[in-house]
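Kindly produce the complete structure, drawing on both the sequences and the hints.
Top line first, the protein sequences correspond to chains A, B, C and D. Here the first sequence is numbered in this note's numbering, starting from 7 and rising by one per residue. Here the second sequence is numbered in this note's numbering, starting from 7 and rising by one per residue. Here the third sequence is numbered in this note's numbering, starting from 7 and rising by one per residue. Here the fourth sequence is numbered in this note's numbering, starting from 7 and rising by one per residue.
If you are wondering where the hints come from, they were derived from the structure by calculation, not from laboratory data. Incorrect hints may have been included.
Identical copies carry no separate label here, and so any pair may be met within one copy or between two of them.
[Stated by the list, open to error] Pairs of lysine to aspartate or glutamate, EDC-like flavour, derived with a Cα cap of 20 Å:
#1 LYS259 x ASP14
#2 LYS78 x GLU10
#3 LYS167 x GLU147
#4 LYS78 x GLU41
There are 4 protein chains.
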Amino acid sequence: MIIEATCDISYTNESEVPAIFMLRPKSGWAQWIVEDFYRVFPQVQIVEYDDLYGNLCQRLIMPKGEFKIDIKIRADVQETLSVDFDAPFTPTHLLPTDVLHYLLPSRYCQSDQLGDLIKEMGLAQVPTYKEVEAIRRWIYENVEYKYGTSDASTSALDTSKSRQGVCRDFAHLGISVCRSVNIPARMVVGFLHNLDPMDFHAWFEAYLNGRWYTFDATQDRPRGNRIVVAYGRDAADVALTTNFAPSKLNFLKVSVNALTESL
Amino acid sequence: MIIEATCDISYTNESEVPAIFMLRPKSGWAQWIVEDFYRVFPQVQIVEYDDLYGNLCQRLIMPKGEFKIDIKIRADVQETLSVDFDAPFTPTHLLPTDVLHYLLPSRYCQSDQLGDLIKEMGLAQVPTYKEVEAIRRWIYENVEYKYGTSDASTSALDTSKSRQGVCRDFAHLGISVCRSVNIPARMVVGFLHNLDPMDFHAWFEAYLNGRWYTFDATQDRPRGNRIVVAYGRDAADVALTTNFAPSKLNFLKVSVNALTESL
Amino acid sequence: MIIEATCDISYTNESEVPAIFMLRPKSGWAQWIVEDFYRVFPQVQIVEYDDLYGNLCQRLIMPKGEFKIDIKIRADVQETLSVDFDAPFTPTHLLPTDVLHYLLPSRYCQSDQLGDLIKEMGLAQVPTYKEVEAIRRWIYENVEYKYGTSDASTSALDTSKSRQGVCRDFAHLGISVCRSVNIPARMVVGFLHNLDPMDFHAWFEAYLNGRWYTFDATQDRPRGNRIVVAYGRDAADVALTTNFAPSKLNFLKVSVNALTESL
Amino acid sequence: MIIEATCDISYTNESEVPAIFMLRPKSGWAQWIVEDFYRVFPQVQIVEYDDLYGNLCQRLIMPKGEFKIDIKIRADVQETLSVDFDAPFTPTHLLPTDVLHYLLPSRYCQSDQLGDLIKEMGLAQVPTYKEVEAIRRWIYENVEYKYGTSDASTSALDTSKSRQGVCRDFAHLGISVCRSVNIPARMVVGFLHNLDPMDFHAWFEAYLNGRWYTFDATQDRPRGNRIVVAYGRDAADVALTTNFAPSKLNFLKVSVNALTESL
Chain A
7 MIIEATCDIS YTNESEVPAI FMLRPKSGWA QWIVEDFYRV FPQVQIVEYD DLYGNLCQRL
67 IMPKGEFKID IKIRADVQET LSVDFDAPFT PTHLLPTDVL HYLLPSRYCQ SDQLGDLIKE
127 MGLAQVPTYK EVEAIRRWIY ENVEYKYGTS DASTSALDTS KSRQGVCRDF AHLGISVCRS
187 VNIPARMVVG FLHNLDPMDF HAWFEAYLNG RWYTFDATQD RPRGNRIVVA YGRDAADVAL
247 TTNFAPSKLN FLKVSVNALT ESL
Chain B
7 MIIEATCDIS YTNESEVPAI FMLRPKSGWA QWIVEDFYRV FPQVQIVEYD DLYGNLCQRL
67 IMPKGEFKID IKIRADVQET LSVDFDAPFT PTHLLPTDVL HYLLPSRYCQ SDQLGDLIKE
127 MGLAQVPTYK EVEAIRRWIY ENVEYKYGTS DASTSALDTS KSRQGVCRDF AHLGISVCRS
187 VNIPARMVVG FLHNLDPMDF HAWFEAYLNG RWYTFDATQD RPRGNRIVVA YGRDAADVAL
247 TTNFAPSKLN FLKVSVNALT ESL
Chain C
7 MIIEATCDIS YTNESEVPAI FMLRPKSGWA QWIVEDFYRV FPQVQIVEYD DLYGNLCQRL
67 IMPKGEFKID IKIRADVQET LSVDFDAPFT PTHLLPTDVL HYLLPSRYCQ SDQLGDLIKE
127 MGLAQVPTYK EVEAIRRWIY ENVEYKYGTS DASTSALDTS KSRQGVCRDF AHLGISVCRS
187 VNIPARMVVG FLHNLDPMDF HAWFEAYLNG RWYTFDATQD RPRGNRIVVA YGRDAADVAL
247 TTNFAPSKLN FLKVSVNALT ESL
Chain D
7 MIIEATCDIS YTNESEVPAI FMLRPKSGWA QWIVEDFYRV FPQVQIVEYD DLYGNLCQRL
67 IMPKGEFKID IKIRADVQET LSVDFDAPFT PTHLLPTDVL HYLLPSRYCQ SDQLGDLIKE
127 MGLAQVPTYK EVEAIRRWIY ENVEYKYGTS DASTSALDTS KSRQGVCRDF AHLGISVCRS
187 VNIPARMVVG FLHNLDPMDF HAWFEAYLNG RWYTFDATQD RPRGNRIVVA YGRDAADVAL
247 TTNFAPSKLN FLKVSVNALT ESL
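See below:
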């Protein structure tokens, strides 16, 4: 299915503001970018580069005054997520070297400190897709989705205690538990069709049976129609916007719509 | 200025044809991709990856029957090329390590075998921008632009003798001469506004004074309004389309238009 | 000066233990590896690869029984650290793209949460080398070096409160404060001549004036004669040994000696 | 088996000579560097970096006067090459993306121009390990190994006509034929135990059945005990020494010896 995501952002800056945006998705093996529109007003010089994880980043200096960003993405994506309850654990000595990185603890995913939670979840010794799905469901059922209960400093350890949070907290918790049992896991940010209320979204992927699988602990069942914008170890790596000086955000509007096949 | 390039390609395949396309430009420091449309019919799975040079490549298997590719790019590019007659030679021991690669001879650029031509050109010992411009002009004045005089196997060495060729031959010759005097040089393929007749185009860049400068030996003067699609050592690296089985090309149409600022 | 570092490690394993070691230094711009000896008993298949940061990593499966690792490195290194009190802050919009990564908070360096400490330190608005040196000295004077007061889960935030720790805690604190004022900072692990008691060591580097400078908050003055083994965002990235199953460490002995110039 | 390779090089320079060496091997999946000694006299600053192919390169400026390089490598390598006559062709659409590069023609391997030779060899449509071995044997039997018959500009196309050359020419021919039938192939330089006369050596690898296999057309049968120093598309990529100014080579001595297991 082809889905269209748009994002309109407006800032007002009192002075020049160096910034990095991560707002241009790349095509991957399950996502084809049919159309990509990325316009800023006023037009300034922008340098685009790949970060350590292969995400496209846009560096620029926002001028004084109002600065607007208009983005539209049309992507051909999977309506249905790949689900495979029989996908086995990949033993650590068989993991590809570029995946090992996703076993490490990170800013928001203290996988080394979640012993109590792991016990409470009662995970199997050799976890498979089924166990990751159980982790996801546990989070869905035991953590309350609630705006305003967490902030930019909230980590998985915090959420394991508060049992409240938003999509990034749900993802951090899922990632942390996976890593604690030696399943590589990574943060994903992007768009989800029919998310309510509509906004940027975050979820996670776990590496099983030689590939990445998508998991979203904010939803009651596996749902496709996602556009991946960036991957990272956790939210620290995938900030969609980073400003290096004060900047007033006027608005940030996100929309995601399904298109018929015939463009 | 914003220019719009389109490309329509149609193949007819008697069987499945694995292919690699290099048709999606990236934003760089002098080019901002405002809009990018890339559609294939019928829609098949496409995997996009970065090659060794950072070019985006699209891998797919064209199905039996007709296969079409529609591309549209709108890019904000420089109307006027950077020109700096005083830009000095960068001594080899000061070149960034990722540029050293472009000093090496390659399939179509036998920089190690152009001694006679170098003599004929009478190059200075320590070449600067001025000398590269003189090389470019020498090629412009001494090589005849003529379709059908070269083919996919024609190298700079061939062209140094035949003194005939098309844009890629002009670029190969310029690259080879630069490398022979230790100036890193690379092949560029993309679009040029007002090229006549319109087609994909090829030119080269030379590394001087710590940065890359654009040179085009097919033109009588420096001209901007270019969209870079891919970089490489020579044409072997930057084939815009590669088919791994026989495929009939029905047509390949290219257009490049200037847009007014206000989209 | 040429210094020689050795490291002997012995494990006893009850079963096969997949492991990753990070024990082979690379030559860099201020360190030349003259000699490198790396032997394991029994000899098993080892695969060596570069991680995300360019560190050489060794993957292997330790067999059942005793497993020994013998390492000897002779490196030509700087006796005196580069010190430049006038090195200015590099504005974020001028940082190389591959350095931006080191501005982000990480597992042990919650640079986003050290507001109180920053206030206590009274840092200048636009910090230079002088300020980083002041940070280093503040840590040296205000944090007590004491074994057993921290463990593998201790972060800079913890240390900012406990004011006790070992070399890695000192480094984490320095890194965190630098990042909080937009100075890229990274963790370094390796060897330091005349460290007392001798052991692996950790310190940090800060990016100022277009290059990395070395800082070590465990020492009362800048000291050279270091061998860098690995770089990373924090200790999570640069574990010198990682075992993916239980393994009994029998001993780990480190020695560092100065050699006369004439090998 | 552990083999020891040494290399002593002496230059006399009339002035400073910027140079790049590629003389430090890396451990790989079939080669473990137990010991590595790399010393230059006089000691100058050396910067080591990874090139595009992952080879370690050493950049330096040789001072005026005599300059010496002493190298000793002890490596644990396979006594017997992996041989698998049943290893099938890997279809191009299943090749890993980082291998595709080795399908392209290059400076010395004009795989696009060897049609006549391919016909003469009578290759199967879908070539397997058996065919690559037949190519290797064909070269061994039909090309005469003779010093002085080729030089730094000799390409596979030249050798296909002259039927004379040295190890690098044999490798270039093998690589070119493989690529012409869509088998990725790459150049290898390094050391071979019991090579007669002793020198640096060159051979090639072909990608079949999801991995690289070693082939050496200068030998009558598969022989192990090799140390790989560098990989590349062809000899242009893997020059062990590159001088950017005139330099007089006094001598270059290579030795390779087998060691008993007990160091």
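Hints, one by one, checked against the model:
When the C-alpha separation of LYS259 and ASP14 is checked against a cutoff of 20 Å, the pair qualifies only within one copy, where the shortest distance is 5 Å, while the shortest distance between copies is 34 Å. Taking the closest pair of Cα atoms, LYS78 and GLU10 come within 20 Å of each other both inside a single copy (7 Å) and across two copies (17 Å). Proximity of LYS167 to GLU147 under the C-alpha cut-off of 20 Å is restricted to the intra-copy arrangement: shortest distance 15 Å within a copy versus 35 Å between copies. Proximity of LYS78 to GLU41 under the C-alpha cut-off of 20 Å is found in both arrangements, the shortest distances being 8 Å within a copy and 9 Å between copies.
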